[in-house]
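Student: The residues making up each chain are set out below.
Protein chains: 2
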Amino acid sequence: MSEIVSREIQLTTRPNGLPETSDFTLIENTLNPTASDIVVKNLYMSVDPAMRPALSNGQTKLDETMQGGAIGKVIASASTEFPEGSYVIHRAGFREYYLSDGSDLNLITLEDESITTHLHILGGTGLTAYGGLLVTGQLAEGENVFVSAAAGAVGSVVCQIAKIKGCRVAASCGSDEKVAYLKNELGVDHAFNYKTSSISRELHAGLPDGIDVYFENVGGAHLDAACGQMRPLGRIPVCGMISAYNNKGARSEGVTTLSNLIYNRVTMKGFVVYEFNHMREQFLTDMRSWMKQGKMKYEETIMDGIENAPAALIGLLQGQNTGKMLVKLADDD
Amino acid sequence: MSEIVSREIQLTTRPNGLPETSDFTLIENTLNPTASDIVVKNLYMSVDPAMRPALSNGQTKLDETMQGGAIGKVIASASTEFPEGSYVIHRAGFREYYLSDGSDLNLITLEDESITTHLHILGGTGLTAYGGLLVTGQLAEGENVFVSAAAGAVGSVVCQIAKIKGCRVAASCGSDEKVAYLKNELGVDHAFNYKTSSISRELHAGLPDGIDVYFENVGGAHLDAACGQMRPLGRIPVCGMISAYNNKGARSEGVTTLSNLIYNRVTMKGFVVYEFNHMREQFLTDMRSWMKQGKMKYEETIMDGIENAPAALIGLLQGQNTGKMLVKLADDD
Numbered sequence: 005m006s007e008i009v010s011r012e013i014q015l016t017t018r019p020n021g022l023p024e025t026s027d028f029t030l031i032e033n034t035l036n037p038t039a040s041d042i043v044v045k046n047l048y049m050s051v052d053p054a055m056r057p058a059l060s061n062g063q064t065k066l067d068e069t070m071q072g073g074a075i076g077k078v079i080a081s082a083s084t085e086f087p088e089g090s091y092v093i094h095r096a097g098f099r100e101y102y103l104s105d106g107s108d109l110n111l112i113t114l115e116d117e118s119i120t121t122h123l124h125i126l127g128g129t130g131l132t133a134y135g136g137l138l139v140t141g142q143l144a145e146g147e148n149v150f151v152s153a154a155a156g157a158v159g160s161v162v163c164q165i166a167k168i169k170g171c172r173v174a175a176s177c178g179s180d181e182k183v184a185y186l187k188n189e190l191g192v193d194h195a196f197n198y199k200t201s202s203i204s205r206e207l208h209a210g211l212p213d214g215i216d217v218y219f220e221n222v223g224g225a226h227l228d229a230a231c232g233q234m235r236p237l238g239r240i241p242v243c244g245m246i247s248a249y250n251n252k253g254a255r256s257e258g259v260t261t262l263s264n265l266i267y268n269r270v271t272m273k274g275f276v277v278y279e280f281n282h283m284r285e286q287f288l289t290d291m292r293s294w295m296k297q298g299k300m301k302y303e304e305t306i307m308d309g310i311e312n313a314p315a316a317l318i319g320l321l322q323g324q325n326t327g328k329m330l331v332k333l334a335d336d337d
Numbered sequence: 005m006s007e008i009v010s011r012e013i014q015l016t017t018r019p020n021g022l023p024e025t026s027d028f029t030l031i032e033n034t035l036n037p038t039a040s041d042i043v044v045k046n047l048y049m050s051v052d053p054a055m056r057p058a059l060s061n062g063q064t065k066l067d068e069t070m071q072g073g074a075i076g077k078v079i080a081s082a083s084t085e086f087p088e089g090s091y092v093i094h095r096a097g098f099r100e101y102y103l104s105d106g107s108d109l110n111l112i113t114l115e116d117e118s119i120t121t122h123l124h125i126l127g128g129t130g131l132t133a134y135g136g137l138l139v140t141g142q143l144a145e146g147e148n149v150f151v152s153a154a155a156g157a158v159g160s161v162v163c164q165i166a167k168i169k170g171c172r173v174a175a176s177c178g179s180d181e182k183v184a185y186l187k188n189e190l191g192v193d194h195a196f197n198y199k200t201s202s203i204s205r206e207l208h209a210g211l212p213d214g215i216d217v218y219f220e221n222v223g224g225a226h227l228d229a230a231c232g233q234m235r236p237l238g239r240i241p242v243c244g245m246i247s248a249y250n251n252k253g254a255r256s257e258g259v260t261t262l263s264n265l266i267y268n269r270v271t272m273k274g275f276v277v278y279e280f281n282h283m284r285e286q287f288l289t290d291m292r293s294w295m296k297q298g299k300m301k302y303e304e305t306i307m308d309g310i311e312n313a314p315a316a317l318i319g320l321l322q323g324q325n326t327g328k329m330l331v332k333l334a335d336d337d
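Chains as they are written, first to last, in the numbering used here: chain D, 5 to 337; chain V, 5 to 337.
Mixed in with the good hints, there may be bad ones.
Pairs count within a copy or across copies, as identical chains cannot be separated in the list.
Below 20 Å or equal to it, Euclidean Cα-Cα: the simulated SDA-like pairs (lysine to any residue) are [unchecked claim]: (1) K45 - Y91; (2) K252 - A225; (3) K167 - K299; (4) K299 - S118; (5) K252 - S204; (6) K65 - Y267; (7) K169 - M295; (8) K301 - C171; (9) K252 - Y267; (10) K252 - N268.
Simulated from the structure, these hints should not be mistaken for lab results.
Kindly generate the complete structure, drawing on both the sequences and the hints.
Tutor: Next up, the structure:
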């Protein structure tokens with residue numbers, strides 16, 4: 005195959021606070037595929053909150069093409085496992101084309117769903133919600149659940165699984181449009197805009213008997229309010245703390261209510277999605293079944309073109325998305 | 005048996021901040037034992053950090069005699085289970101005499117130890133340390149352990165169990181005398197006075213590879229420093245947060261480093277000693293064996309007379325004790 009020009013995004017300045025588009029550079033990388041390369045044309049890539057701390061802590065290297073979840077189509081291949089025309093998911097986002105030996109690719113087998121769902125509710129995002137709520141959070145039927153960043157990609161799946169399990173769900177988000185979405189589309193019992201209300205008062209109103217499971221995406225003031233209202237033997241699966249990610253050392257606002265962990269014997273536990281890899285089959289079966297029953301909805305916010313990948317990430321950190329924030333890199337043709 | 009006058013301590017004003025002796029009142033209660041009463045003369049009573057939140061949250065009733073661990077001698081009894089001359093442990097402290105039907109008494113069977121040890125290292129205090137470190141904290145041999153309030157009754161047992169298990173132990177306390185005690189008597193690897201040093205720097209110095217288990221007694225600034233230095237899969241058993249107890253709503257100083265719970269998949273878990281009641285036999289066997297081998301030392305700070313029980317509790321909250329703070333109520337005669 006002849007030479008390919010791949011446009012790619014690199015981090016050139018480590019951000020202080022909210023990243024700016026000038027912290028990133030769009031470069032052109034010329035690829036020369038050999039016969040043994042699997043050539044992947046990326047169709048969609050994901051931006052995730054967890055990318056923010058990586059920009060500061062050194063995990064994302066300067067002047068190297070960034071990493072992140074992406075879905076591509078194989079456009080040239082000698083591999084029988086990943087033949088031309090097949091769809092693959094991998095971590096080489098932030099670029100238009102990718103050459104692989106196959107070791108870092110996973111084949112996507114599509115059923116009825118759209119391919120983008122494999123970058124969110126049927127992918128790592130969904131598995132994060134599923135494992136974090138059911139395994140780390142040990143959710144039981146009928147419990148009282150609080151979800152923060154509830155209109156986000158993970159949060160919206162958490163809300164719906166909790167409703168499927170017969171729970172009462174309170175949910176926070178950052179705009180009145182998202183409040184309406186959570187109530188009207190996802191069936192959340194009590195949704196509120198944390199920017200214009202008291203988290204503590206809303207939790208008392210929405211879950212007057214207290215919280216059994218707080219699915220933590222935000223940290224800081226959210227955790228301060230929730231922790232004081234945890235019920236005996238409550239659980240706080242800690243998925244993320246997006247409120248802290250733009251701060252030096254990923255420091256959140258101060259949490260002052262942790263002594264309630266003692267009186268009510270509460271467990272707070274950080275988790276990472278790879279802990280749940282062994283459950284992927286059961287997860288896909290459950291999620292597809294819930295989608296078919298109309299119990300698992302999703303929204304996507306899709307920006308267009310590799311040049312907009314930094315803006316997509318920054319927009320995500322500002323809460324501009326409802327549901328999953330994606331970047332479309334190419335048409336599937 | 006004829007009439008007995010028991011001097012007793014009642015809470016008359018709910019304290020705001022550090023309690024004052026004027027918040028408590030010494031009353032005289034006249035008891036008229038019947039033939040079916042077990043008459044207990046209290047010898048020693050315990051004051052514990054957990055008594056402080058109870059003064060504010062309503063658990064301790066106003067104008068009623070307070071509750072707390074105590075050891076007494078049966079001075080009149082028709083019971084075969086608790087005959088005259090036997091020693092009993094119960095929750096009716098803060099008074100000189102107590103009439104019981106036996107349902108709330110536990111017999112103490114003394115081996116070589118002094119009777120007061122049953123109010124600390126062989127009692128609830130010791131079991132709190134043992135269960136909190138080994139069960140909730142899931143301590144493994146050779147790990148890196150940080151203990152706060154380490155010269156206190158629970159902390160000093162935690163330090164010694166961790167050393168018995170071959171761990172490297174860093175320990176914080178509030179005076180230079182306590183630092184010397186921790187190093188010279190308890191064999192702690194790195195002890196420091198948090199009032200005159202940086203907790204964060206001392207932890208880096210004492211446990212340069214990070215912390216596997218932080219046994220939490222203090223909260224606030226201690227947790228803020230420790231949480232940021234937890235290692236992958238670290239555990240934070242939360243026994244107490246004494247720094248918060250004198251504050252409104254038991255609020256601590258703000259903790260800002262909790263996002264490290266995610267990256268390192270740390271578990272933080274509040275516990276209460278009754279979770280470990282089923283382990284009491286094994287606990288006593290281990291502790292007595294370690295005491296005989298000289299590996300389990302203790303200190304007592306003993307104040308004299310029921311009239312000094314409020315001052316003992318206040319002194320404990322100010323950190324005046326090394327080891328267990330007790331009040332002697334009567335001679336064993």
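Student: Next step is simple, just say for each hint if it's right about the structure.
Tutor: Hint-by-hint comparison with the structure:
no.	hint	verdict
1	K45 - Y91	within (10 Å within a copy, 81 Å between copies)
2	K252 - A225	both (17 Å within a copy, 18 Å between copies)
3	K167 - K299	within (9 Å within a copy, 54 Å between copies)
4	K299 - S118	within (16 Å within a copy, 65 Å between copies)
5	K252 - S204	between (26 Å within a copy, 16 Å between copies)
6	K65 - Y267	between (44 Å within a copy, 18 Å between copies)
7	K169 - M295	within (15 Å within a copy, 51 Å between copies)
8	K301 - C171	within (17 Å within a copy, 50 Å between copies)
9	K252 - Y267	between (32 Å within a copy, 16 Å between copies)
10	K252 - N268	between (32 Å within a copy, 18 Å between copies)
The structure is consistent with each of the numbered hints, conforming to all of them.
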